[in-house]
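Modelling step: build the complete structure from the supplied sequences, incorporating the hints.
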Amino acid sequence: MKSYVAPEYIVERDQDRCIRCKVCVNQCSYDTHCYDEEDDCMISKSENCVNCQRCATFCPTQAITIRENPNHYRSNANWTQEVLTGIKKQAETGGVVLTGMGCDKPNLTYWDRILLNASQVTNPSIDPLREPMELRTYIGSKPDKLDLEMDQDNGVILKTKLAPQLQLETPIMFSAMSYGSISLNVHKSLARAASEAGTFYNTGEGGLERSLYKYGDHVIVQVASGRFGVHPDYLNAGAAIEIKIGQGAKPGIGGHLPGEKVSEEISRTRMIPLGTDALSPAPQHDIYSIEDLRQLIYALKEATDYTKPVFVKIAAVHNSAAIASGIVRAGADAVVLDGVRGGTGAAPRIIRDNVGIPIEMALAAVDQRLRDEGIRNQASVIAAGGIKSSADVLKAIALGADACYIATAALVSLGCTVCQKCYTGKCPWGIATTDLWLTKRINPDIGAKRLAGLLRGWSLEIMEMMGGMGINAIESVRGNRLLLRGVGLTDKELEILGIRMVGE
Amino acid sequence: MKDLTRTNNPYGDEKVFDACSIFGMMNLKGERFSAKDPVRAIANMHDRGNGLGGGFAVYGIYPEYKDDYAFQIMYLDRETKKQTDHLLGESFNILNEEEMPTQPANVRDPPIMWRYFLQPKKSRTRTQADDDYIIEKVMRINTETGKAFVFSSGKNMGVFKGVGFPEDVAEYFCLEDYKGYMWTCHGRFPTNTPGWWGGAHPFNILDWTVVHNGEISSYGINKRYLEMFGYKCTMQTDTEVMAYAFDLLMRRQDLPIEIVAQILAPSLWTEIKTMKPENEIAMSALRQTYGSLLMNGPFTIIVAHEGEMIGLTDRIKLRPLTAAEKGDYLFLSSEEAAIRLVSPMLDRVWSPRGGEPVIGRLESRNGVDVLAQEVYGR
Numbered sequence: 003m004k005s006y007v008a009p010e011y012i013v014e015r016d017q018d019r020c021i022r023c024k025v026c027v028n029q030c031s032y033d034t035h036c037y038d039e040e041d042d043c044m045i046s047k048s049e050n051c052v053n054c055q056r057c058a059t060f061c062p063t064q065a066i067t068i069r070e071n072p073n074h075y076r077s078n079a080n081w082t083q084e085v086l087t088g089i090k091k092q093a094e095t096g097g098v099v100l101t102g103m104g105c106d107k108p109n110l111t112y113w114d115r116i117l118l119n120a121s122q123v124t125n126p127s128i129d130p131l132r133e134p135m136e137l138r139t140y141i142g143s144k145p146d147k148l149d150l151e152m153d154q155d156n157g158v159i160l161k162t163k164l165a166p167q168l169q170l171e172t173p174i175m176f177s178a179m180s181y182g183s184i185s186l187n188v189h190k191s192l193a194r195a196a197s198e199a200g201t202f203y204n205t206g207e208g209g210l211e212r213s214l215y216k217y218g219d220h221v222i223v224q225v226a227s228g229r230f231g232v233h234p235d236y237l238n239a240g241a242a243i244e245i246k247i248g249q250g251a252k253p254g255i256g257g258h259l260p261g262e263k264v265s266e267e268i269s270r271t272r273m274i275p276l277g278t279d280a281l282s283p284a285p286q287h288d289i290y291s292i293e294d295l296r297q298l299i300y301a302l303k304e305a306t307d308y309t310k311p312v313f314v315k316i317a318a319v320h321n322s323a324a325i326a327s328g329i330v331r332a333g334a335d336a337v338v339l340d341g342v343r344g345g346t347g348a349a350p351r352i353i354r355d356n357v358g359i360p361i362e363m364a365l366a367a368v369d370q371r372l373r374d375e376g377i378r379n380q381a382s383v384i385a386a387g388g389i390k391s392s393a394d395v396l397k398a399i400a401l402g403a404d405a406c407y408i409a410t411a412a413l414v415s416l417g418c419t420v421c422q423k424c425y426t427g428k429c430p431w432g433i434a435t436t437d438l439w440l441t442k443r444i445n446p447d448i449g450a451k452r453l454a455g456l457l458r459g460w461s462l463e464i465m466e467m468m469g470g471m472g473i474n475a476i477e478s479v480r481g482n483r484l485l486l487r488g489v490g491l492t493d494k495e496l497e498i499l500g501i502r503m504v505g506e
Numbered sequence: 009m010k011d012l013t014r015t016n017n018p019y020g021d022e023k024v025f026d027a028c029s030i031f032g033m034m035n036l037k038g039e040r041f042s043a044k045d046p047v048r049a050i051a052n053m054h055d056r057g058n059g060l061g062g063g064f065a066v067y068g069i070y071p072e073y074k075d076d077y078a079f080q081i082m083y084l085d086r087e088t089k090k091q092t093d094h095l096l097g098e099s100f101n102i103l104n105e106e107e108m109p110t111q112p113a114n115v116r117d118p119p120i121m122w123r124y125f126l127q128p129k130k131s132r133t134r135t136q137a138d139d140d141y142i143i144e145k146v147m148r149i150n151t152e153t154g155k156a157f158v159f160s161s162g163k164n165m166g167v168f169k170g171v172g173f174p175e176d177v178a179e180y181f182c183l184e185d186y187k188g189y190m191w192t193c194h195g196r197f198p199t200n201t202p203g204w205w206g207g208a209h210p211f212n213i214l215d216w217t218v219v220h221n222g223e224i225s226s227y228g229i230n231k232r233y234l235e236m237f238g239y240k241c242t243m244q245t246d247t248e249v250m251a252y253a254f255d256l257l258m259r260r261q262d263l264p265i266e267i268v269a270q271i272l273a274p275s276l277w278t279e280i281k282t283m284k285p286e287n288e289i290a291m292s293a294l295r296q297t298y299g300s301l302l303m304n305g306p307f308t309i310i311v312a313h314e315g316e317m318i319g320l321t322d323r324i325k326l327r328p329l330t331a332a333e334k335g336d337y338l339f340l341s342s343e344e345a346a347i348r349l350v351s352p353m354l355d356r357v358w359s360p361r362g363g364e365p366v367i368g369r370l371e372s373r374n375g376v377d378v379l380a381q382e383v384y385g386r
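So the protein lines, in turn, are chains A and B.
Quick note on numbering: the first sequence equals residues 3 to 506 in the working numbering.
Quick note on numbering: the second sequence equals residues 9 to 386 in the working numbering.
The set of hints was computed from the structure by calculation and includes no laboratory data.
Any given hint could be a false lead.
Distance condition first, Cα-Cα at most 25 Å in a straight line; then the derived DSS-like pairs of lysine-lysine [stated by the list, open to error]: (1) 281/B / 161/A; (2) 163/A / 284/B; (3) 163/A / 281/B; (4) 240/B / 147/A; (5) 147/A / 44/B; (6) 284/B / 147/A; (7) 284/B / 161/A.
See below:
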C-alpha cells in the first residue's frame, strides 16, 4: 500500500561542507543516511529521519541541517497536521499510534504560571555562597510528636522509634525507568550519580542488574504489575521499595517491552525467557482495591523486616486526593504522584495526551487533603511528571511536595533530545535501547558526571532562590504556598492550587 | 470605606510585617516591682517603633485573684459588650468585673476596655480541662462578633496594649499603679497596618505571652502545620503562629523549652553531625519530625508564662538580642543601652548566639539558664 504519510522532517546537506566521512551513516540508527560509492556522494532519506539531531551533533563540518517538512496540509485548527498524519498512519497499519516521552501539548503546564517570592527590606535575603543553606530532606513517615529524654550528662536522647527514612542531600531523585526500556549503561550512570549526589535512583519495573547491587544504598527498587525481577534479594538490595500502580504518561495501562529488546541480560534480570514480550498487566492482579494494597505494602515490609520505606506511585487522576488519602491510611511511607506530562518509553499517543491531570493540581489537592485529614505527617509526598527545571522543583516543594522525581531531564542531560521515538528501541543516543551497538554510546563514567552535574546545578539554583526568599532550610519552603503567586489563572485554579494571584 | 482601625491586617496581606523593640525584665526571687524601669527602658528604644503599637505583659499583677482567670477584653461598642457579657455569664462565674482604669494619653481611638475575674462553671458533663475550656471560649469571643477581643486571659497576669508608643500606652493604662515580678514590653513598627489595638503585642493565650521582633518567612507552612492540630490562625500575623507553636509543643506535647528552642531554631546539619551519636539521632529526629515548625527568617522573641521568661532568636540571628544579669534581675533587650539605662552596673551582659535560648526561671525553680554546649552537645 502506498503510504500517504509525508516525511516529518527534511534533511539538508551542504555538499560543499560535507567531507564524506560517513559519521552520519554510522550514527543514525534509522538508516537515514547512506553513501553512494559510484557517485561519491551522501544521500539522505528524509522519510526515515526522527530529528534526534545525533548526526547533526556529530557531523565534524556542520554540513547537516534538519528542518520540519515545510509541506503542510491546508491549515486547520481542528484537523491539524498531527491529527491527519495519525489517522493516515492508523488506516495503513490498523494499529495504535505509539509514542515516547511525555505529553507535548502546551496547555497542561501550570509551573510557568506560578511565580516565586523574594525578600525586600522587611527581611534580609541570604547569600548561599557565604551562609549555610540546607537542602537535606528525609522521605518517610513522621510521627506527630516525639518522646525525648534530656539531662545534663547525656544531652537529648530519642525514645520514639522513627519509621525508616531516606536521607536526601538534595530534594531531587531519578524516577523509575526500567532496565530494558533504557540500557544498563544508563542505569549505571544513574546509580553512580545518585550515590555521588546523596540521592536515589529508581530501578523501574525491570529488576536490578546484579552488578548494580553495590549501589543499593542509593537505589529504590520498584515492584510493578508484571513483578519482573522481583525476588527477596532484590527487595532487600534497595534502600526503599516502590509499588507502581500507575504512570502519568499512561494511567490505567501496563507496560510493554517488545521481545526484541529482551536480550540475555535483560531476560536474566527480569526473570523471563529470552526474546519474549514483557507485558505488565494494566492493574496489579493482587490489588483490586485499597485493602489489597495494604496487604501488598505489609507483605513487602515483612519481606524486608520493616527496615525500608514503602512508596506507592500513582498516576495523577481526577480523584487523586481521595486515593492518596487511602494510600496513606493503607500504610505507605510515601505517595508518588506522576502527572500527565510524565514520560514513558512507549505509550499510545491517545492515552499519553488525554488521560490524567497535571501534577501541579494533583499535588496541591493531595497535600491539602492529607492536611485536612491530619495525616500529612504520616507519609511523604513526591511529585513527578514534567519537572523540567530547578524552579519547577522549588515550586513543587512550595505546593507541598517533599521531593521531586526527574527522568526526562536526566535523560536530556545524557544527550536525549526528546524526539519521542523511544518505543522503537533504536535510540541513536544509546539511551532507550538495548542494542549493544548503540548502548555503548553512553559511557557510564561520563554519564554519571553529566547527571551529577545536573543535580549540582539545580541544587545551586534552588539555594539561590531560597536565599533570595530569606529561607535557609528546605523544610521552610515545603508546603509554604505563600511563597507562590499565580499569573493568568482563574479563581478556581488559584483556589485548587491554594495560592494567591500576583499583586495580592 | 473599610474601618481600618477595627481589624488586624485590613489589606489581607498574608501576614503583618513589623520591626520592633522588645524588652523583658524579671526578678528571679519573684519580688514585684513597678512599671518605672520597664517603661523607661522600652521608651529608650523609641525610634525602633513608629507609634502604631505598644504593649506590656505583667506577671504577678493580681495576687488577690491569683487562682482566677483574668480576662481583659476590648469592645468596639456597648452592644457587643452586652452580647459578650451574656456569653461570659453562661460559661463562667464572674467574681468581679470593672472598666479598666485609664487616663488621657497620646494614644489613638481607644476601644472600651473591661476586666473580669472568672472561674469556669463546673458541669458534670464537661470533660475538658479548664485551660482547654478557656481557649475555646476565647476563640469563640474573638471570632463571633468581630467587635470583641480578649487580649488577656491568664491567671495573675495581665496584658496592656494599644496603638501608640509604648510609653504612651503605659500612661494610658496607668501602669504606674501596678506591680509585677516579670515584665515584657514591646514597641512596634508595622509596615502595613494603620494600627488596631488588638494587633499590638504582646499576644496572649492563657498565661502565655509572646513579644516578637521579626518576620517569619516560613509562616505559610508553620500556619498549615498548626492547622492540622486544630489551631485557627485568624489574625494573619506571624506572632500568632509563634504563640500557637509554643502552646502545641510546651503545653500539649509537654516538651521542655530546650527542645522547643531546637525545633523553632534548630542546629545546622553540619553542627548536628558533630554531636555525640545518640544526640545526633535525637536532633535529626527533631528536624525530621518538626521541620514544618522551624521558624525561618529573622526573629527575636521573648516568651513568658508563669514563673518563666525565655528569649530566643532565629538560628542565624538576624534580629538583635542582648541579655544581662544584675543581682536578682534578668534582662532581655533588643539593645544593651536600654538595659544600661535602668541598671548601669551589670554583673554580666552577653549576646546569646543564634538559636540559643536564654531562660529565666523563678529561683524556687532553677534561676537563669543559658542553654548551649552541655545540653545539645554543640
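To see whether the hints hold, each was checked on the structure:
Taking the CA atoms of residue 281/B and residue 161/A, the gap is about 19 Å. The hint holds against a cut of 25 Å. Taken as a hint, the residue 163/A and residue 284/B pair is honoured in the structure, with Cα atoms around 18 Å apart against an allowance of 25 Å. The straight-line distance between the Cα atoms of residue 163/A and residue 281/B is roughly 20 Å, inside the 25 Å bound, and the hint therefore holds. A distance of roughly 20 Å separates the Cα atoms of residue 240/B and residue 147/A; the hinted pair therefore holds under the 25 Å criterion.
For the hint linking residue 147/A to residue 44/B, the alpha-carbon distance of about 43 Å lies beyond 25 Å, and the restraint is violated. Distance check on the hinted pair: residue 284/B and residue 147/A sit about 23 Å apart at the alpha-carbon level, within 25 Å; holds. Distance check on the hinted pair: residue 284/B and residue 161/A sit about 16 Å apart at the alpha-carbon level, within 25 Å; holds.
Violated hints amount to a single one, hint 5; each of the other numbered hints is respected by the structure.
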